[in-house]
Each structure stands twice: as C-alpha cells, then as structure tokens.
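Below are the chains, spelled out letter by letter.
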Amino acid sequence: MAGMSPSERRLQKELMSLVKEPPPGVTVHADLVEKNLLQWIINMEGASGTLYEGESFQLQFKFSNKYPFDSPEVTFVGSNIPVHPHVYSNGHICLSILTDDWSPALSVQAVCLSIVSMLSSCKEKKRPPDNAFYVKTCSKNPKKTKWWYHDDSV
Amino acid sequence: MGDEVETDTAAEGVNQINQDELILQQQRQIEREISETTALVGDLEPISSLNSEYASDNVYLEKIKDLASKYKHVRRTRPDGNCFFRAFTYANLERLLDNQDDFTSFYKLVENSKNSLVELGFPQFTVEDFYDTFIEVLQRVGEIKNVNEAKKELHRLFNEQGYSDYMVVYLRLLTSGQLQKDQEFYSCFIEGDRTVADFCHQEVEPMYKESDHIHIMAASAAMNTGVRVVYMDRGNSKANTEHDLPEGTTPSVHLLYRPGHYDILYL
Numbered sequence: 001m002a003g004m005s006p007s008e009r010r011l012q013k014e015l016m017s018l019v020k021e022p023p024p025g026v027t028v029h030a031d032l033v034e035k036n037l038l039q040w041i042i043n044m045e046g047a048s049g050t051l052y053e054g055e056s057f058q059l060q061f062k063f064s065n066k067y068p069f070d071s072p073e074v075t076f077v078g079s080n081i082p083v084h085p086h087v088y089s090n091g092h093i094c095l096s097i098l099t100d101d102w103s104p105a106l107s108v109q110a111v112c113l114s115i116v117s118m119l120s121s122c123k124e125k126k127r128p129p130d131n132a133f134y135v136k137t138c139s140k141n142p143k144k145t146k147w148w149y150h151d152d153s154v
Numbered sequence: 001m002g003d004e005v006e007t008d009t010a011a012e013g014v015n016q017i018n019q020d021e022l023i024l025q026q027q028r029q030i031e032r033e034i035s036e037t038t039a040l041v042g043d044l045e046p047i048s049s050l051n052s053e054y055a056s057d058n059v060y061l062e063k064i065k066d067l068a069s070k071y072k073h074v075r076r077t078r079p080d081g082n083c084f085f086r087a088f089t090y091a092n093l094e095r096l097l098d099n100q101d102d103f104t105s106f107y108k109l110v111e112n113s114k115n116s117l118v119e120l121g122f123p124q125f126t127v128e129d130f131y132d133t134f135i136e137v138l139q140r141v142g143e144i145k146n147v148n149e150a151k152k153e154l155h156r157l158f159n160e161q162g163y164s165d166y167m168v169v170y171l172r173l174l175t176s177g178q179l180q181k182d183q184e185f186y187s188c189f190i191e192g193d194r195t196v197a198d199f200c201h202q203e204v205e206p207m208y209k210e211s212d213h214i215h216i217m218a219a220s221a222a223m224n225t226g227v228r229v230v231y232m233d234r235g236n237s238k239a240n241t242e243h244d245l246p247e248g249t250t251p252s253v254h255l256l257y258r259p260g261h262y263d264i265l266y267l
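Protein chains in written order, with the UniProt record's numbering: chain A, 1 to 154; chain B, 1 to 267.
Quick caveat, the hints were computed from the structure, so don't treat them as lab data. Built from N, CA and C at the ideal position, the CB exists for glycine as well. Among the clues, some could well be false.
[As the list claims (entries may be wrong)] To be clear about the criterion: a stretch of chain B counts as covered by chain A if any three or more of its residues have a C-beta under 8 Å from a C-beta of chain A, and this derived list gives those stretches:
(1) 20-26
(2) 125-133
(3) 159-169
(4) 198-206
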C-alpha cells in the first residue's frame, strides 16, 4: 500500500473487511469504490420483520482526506429514500454519530449497523415534521447543518 | 431532526438556516488560527513565560509566582480539545524514557491493552489501527539509546499530526475502556441519566471533546500513572489548588490546568 495517504490506507482496509464480512443486508459496490476510494455506494436491504422488509436502499459515503478524524458525509441516494422520522426526503439523515458523536474508532461498518438499527426500530413510517422546510433550505452537505439531536426513541 | 426554527415567516427561517453555514465557517476559521499559532506540543519554556498572558492581572501574576516556586518549566500544548490526552501521553512517555524498567513495564501494559479493549466490545479492526501506531511510536523512541535523542524524536513525532492524533485516539479508547470496565465506580460521577457507555461514546471517544476530572481519573488508572493537576484560576487564594489522581499516589506527570486547557509542568 505504498504511496497511499493514511486515510486512503484506512479506507482500503475498511473496504476489504466490508467485502469479506459484510453485516447482514449490506453490500458494497467494490468496483465503483476501487475507482474512487473517497466515495462509496452501499446497498442496504430492509431487515425482515421490520417496516422496511422487502425494500432496498442506497447509501452514499463521501470521505475527506482527514478521515477517520473527520466523519464521513452519509446520505441516502437513488430512487427509494426510506420514509423514516430521522430521514429527510432529500436523503439527509439525522444521526448523531455522523457529526457530533463521530469517533475515529467508528467505521463504515459501524455506521451501516447504526442505520440498519435506526430503520429496524421504527414504529411508524413518516417523514420528520420539518421535512418540507428543511429540504427547501438546507445545504447540499448534511454536515453543514447544525443538527439538534433529540428523541432517541424513534 | 434538523434545526428547530421558531420563527413565523419563511424568510426569517431561511436566514436562520444559512447561519448554520456561517457558524460552521467561523468555527473552521478559529480552528485554523489556533493550529497555525500553537504547536501540537511546544518547546520547554520558563514558568515566567506565562506572565505575558496576564500583563496587568494581579490574581494570575500572584499564582504564577506560586507556580514558579515549585516548577521550573512549562510546555504548552495546542488548545484543540485534545490537550489533556496529548499532554498526558507526551509527558508520560517523556519521563518513561528516563527509566528503562518503567518503560518496559509500560510497553507490556500497552501490549496487553488491545485485547482488553476488544473483549470490552471495541471493534478489533479500528482499535488495531490506533494500537499499531501507539506501539510504533513506543518502539521508535525506545530503540534510541541516547535519552536526549529519544526525547527529540518523541517531540518530532508528537508534532506530526498523523502520529500525534493517533496517540490521542488510543488514549481516548483506553480511557473509555477503563470507564466501562469500572463502570459501577464511575457512574457516580456522571450527571443525568446517561449510562457510562453513552458518556464514553459522546464525551470520551470523539476527538476534540474536552476532558474533565472523570477523564483524568480513568486515563491515569488506564496508564497506571499518577498525575498531579495544578489548577490555576481567578479564585481569591494566592496559591494554586493541586489534585493528585488517582488519590494518594505519587504523581509522575504534572499538568497545569487553566479553565479549558492543560499544559505540561516540569519540576
């Protein structure tokens, strides 16, 4: 792995581990990622026995060269954005580990597991109450929103 | 959920949202200024160098006198929220270089720490990343025979962001591990209804989160190293307040605390 920056080296390791031992319902487009290590597309299946059973979603991860000290920018993309109280219709996700509570000990895999669990614990499919307003006014980059985290129960 | 906007008109609301970007931009700017003016770990300076920060502030000037009666030097660290972890690790490794036996037993303690973290549920994959760098630094400074040269190398590595931040993360993980291992004890120090694990995920493991008494207790226990923290603030007494952690131990590392920041002290 000579000639790679520390963040690329780390991402390369994470990619190999995710290809080898993906969490249930999660697959990474390894061919795409190998072309550009700083932008990943990950497929996520709704877990069985949950409101999202049978649906599939796409997550986009963007990394800066300060990863893993900077958190990745993670959004849902594609034609099916899950209807969930913490997911805006533009794909932005309100999840504290993606900004304030990010730690370098977390990983792509840990983020995927958190999102799977966030979806799985949902009891009613609905958009966040401020969806229309947020989507109209927010920055393209969800990390530029100062999120207010509350209501961990959903 | 996104910003709670409590305004009546959409126009005001739009302003509010745009301010997010402005606030974050300003934060970046401040961070840049800090990092351009302060080294991650600075050079040794006489205690009197602190005077210039408090030109006409008699409360502080008195306390600097008190400090100078006990300590010879201070070494500043960058105020980026990681200062306790960086200062403590640096000061500890620096004093270990003076004593081969202590260095060897510390090396063993670190070697054993990776598995305890994995047993506590930390992901092996990311822990290894930080552990490997920590060990690499120990090896690189440990193999230099001349103590002064070894200290120079330590100083060089701690001012390379790549190494320095990895060292900080590993001590953050060790501190978190210590808190969780001994959670019955530490839970008394956590306010509100957060669990020890929640506290660790929110206040210990993320970079740039500042350290409190509880972080220091756990970090000194994890490193098996006593630390004396000298508190210097605007309080009325002429002397500074000292705290030894864990209580009753002889401190091997001395830190100066001024509200919001830690630097290293030398006897």
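Hints versus structure:
no. : hint    : result
1   : 20-26   : holds (count 4)
2   : 125-133 : holds (count 5)
3   : 159-169 : holds (count 3)
4   : 198-206 : holds (count 4)
Comparing the model with each numbered hint stated earlier shows that all of them hold.
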